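Peer 1: Sequence:
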Amino acid sequence: MPITIEKLSPHVGARITLDPARIGDPAMTEALRRAFADHGVLLFPRIGTSPDIHVALSRCFGRLQVHPVNRNQVEGFPEVVDMSYTPPRRPGDLSYHAVYRIEGRELAGWLPWHFDLSYMAEINHGSMLRALEVPPEGGRTGFMDRIRLYELLPDDLKRRIEGLDVVYRFQPDMMKRRYCRPADMALVAPSMKAGMFDGDVLDRDFPPVAHPMVYTDRDSGRKVLNVAPLFAVGIVGMDDPKGDALLGAVIDHCCTADFAYFHRWAVGDMIIWDNWRALHSAEGVPPHHPRRMQRTSLAGDYGLGRVLGKV
Numbered sequence: 001m002p003i004t005i006e007k008l009s010p011h012v013g014a015r016i017t018l019d020p021a022r023i024g025d026p027a028m029t030e031a032l033r034r035a036f037a038d039h040g041v042l043l044f045p046r047i048g049t050s051p052d053i054h055v056a057l058s059r060c061f062g063r064l065q066v067h068p069v070n071r072n073q074v075e076g077f078p079e080v081v082d083m084s085y086t087p088p089r090r091p092g093d094l095s096y097h098a099v100y101r102i103e104g105r106e107l108a109g110w111l112p113w114h115f116d117l118s119y120m121a122e123i124n125h126g127s128m129l130r131a132l133e134v135p136p137e138g139g140r141t142g143f144m145d146r147i148r149l150y151e152l153l154p155d156d157l158k159r160r161i162e163g164l165d166v167v168y169r170f171q172p173d174m175m176k177r178r179y180c181r182p183a184d185m186a187l188v189a190p191s192m193k194a195g196m197f198d199g200d201v202l203d204r205d206f207p208p209v210a211h212p213m214v215y216t217d218r219d220s221g222r223k224v225l226n227v228a229p230l231f232a233v234g235i236v237g238m239d240d241p242k243g244d245a246l247l248g249a250v251i252d253h254c255c256t257a258d259f260a261y262f263h264r265w266a267v268g269d270m271i272i273w274d275n276w277r278a279l280h281s282a283e284g285v286p287p288h289h290p291r292r293m294q295r296t297s298l299a300g301d302y303g304l305g306r307v308l309g310k311v
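All the letters of the sequence shown, read from the start, carry residue numbers 1 to 311 under full-length UniProt numbering.
Because the hints were derived from the structure by calculation, they are not lab data.
Misleading hints may appear alongside valid ones.
Now the in silico label distances, taken between C-beta atoms and shown as ranges [claimed, not checked]:
id, residue 1, residue 2, range
1, Ala266, Gly237, 29 to 35 Å
2, Thr4, Glu137, 27 to 33 Å
3, Tyr96, Pro45, 25 to 31 Å
This structure is a prediction, so every number in the text was calculated from the model and none was measured.
Backbone N, C-alpha and C fix where the C-beta goes; we use that ideal spot for every residue, glycine too.
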């Protein structure tokens, strides 16, 4: 076999070992694509730090796209965006990531469970993240398999959500988000992006969209719990306390850490995840520690999202 596959955790993912010199070999590409379809999240431990190997390995899984919102591209590699956090040099300087106080800890780059671009009608197929500099504490990325989440969902909730759609709305201000916001959360320092998205921009460029709460994975035929807590605002046609309670119950299930794998990064690690079936989260880092990460995105769309108000 051109690759070695090991289980990553009880509920999600696989660890892949391969010879980097063979990246692009047709047999290896086919084996990687089968592993991606089988597991949804693949870890390549300490495989390399260069954007060249990042792009080459990413292309084994499909065509790459330029991220539609994050424009912080790496010079010479338009498909690679920088997701790094750098501590401010002087008091009052703004970072690319906001800093929040959560459960008494200050964290930069914290993000709750989500799949990428849930606030868009078209959902990209996946992303690959690469570690360049890791903090001595914090900075983990969490992953959950939404196929497994559906299997573990109580039968009563499976029945109640069948055929329903979730409404998503882009909201860059974490303090205004409806779900996954800890009760004691407080903004310590805004990000430099804070002023980029006023109400007019949000209304014009990011209208509300809807995605089904459950859909069937085309590769495996298994059902996917298609709920992303981060940008969810409600259920289509159920704008009432009953709908809010139903969505809240499903989101509570999606945020169960027992079903998750949390990766503590080493320099040179890469992880690719299927955005159509995996949730991920960012633990955040203490604001005095840098964390350098870069990411590619796989193009494609599962074809089930829609802009509300449009046929």
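Peer 1: Now tell me, hint by hint, if it's right for this structure.
Peer 2: Structure-based check of all given hints:
1. Between Ala266 and Gly237 the beta carbon distance is about 47 Å. The supplied range of 29 to 35 Å is therefore violated.
2. Hint check: Thr4 to Glu137, Cβ distance near 31 Å, so the stated range 27 to 33 Å holds.
3. In this structure the supplied range 25 to 31 Å holds for Tyr96 paired with Pro45, their Cβ-Cβ distance being about 27 Å.
Violated hints amount to a single one, hint 1; each of the other numbered hints is respected by the structure.
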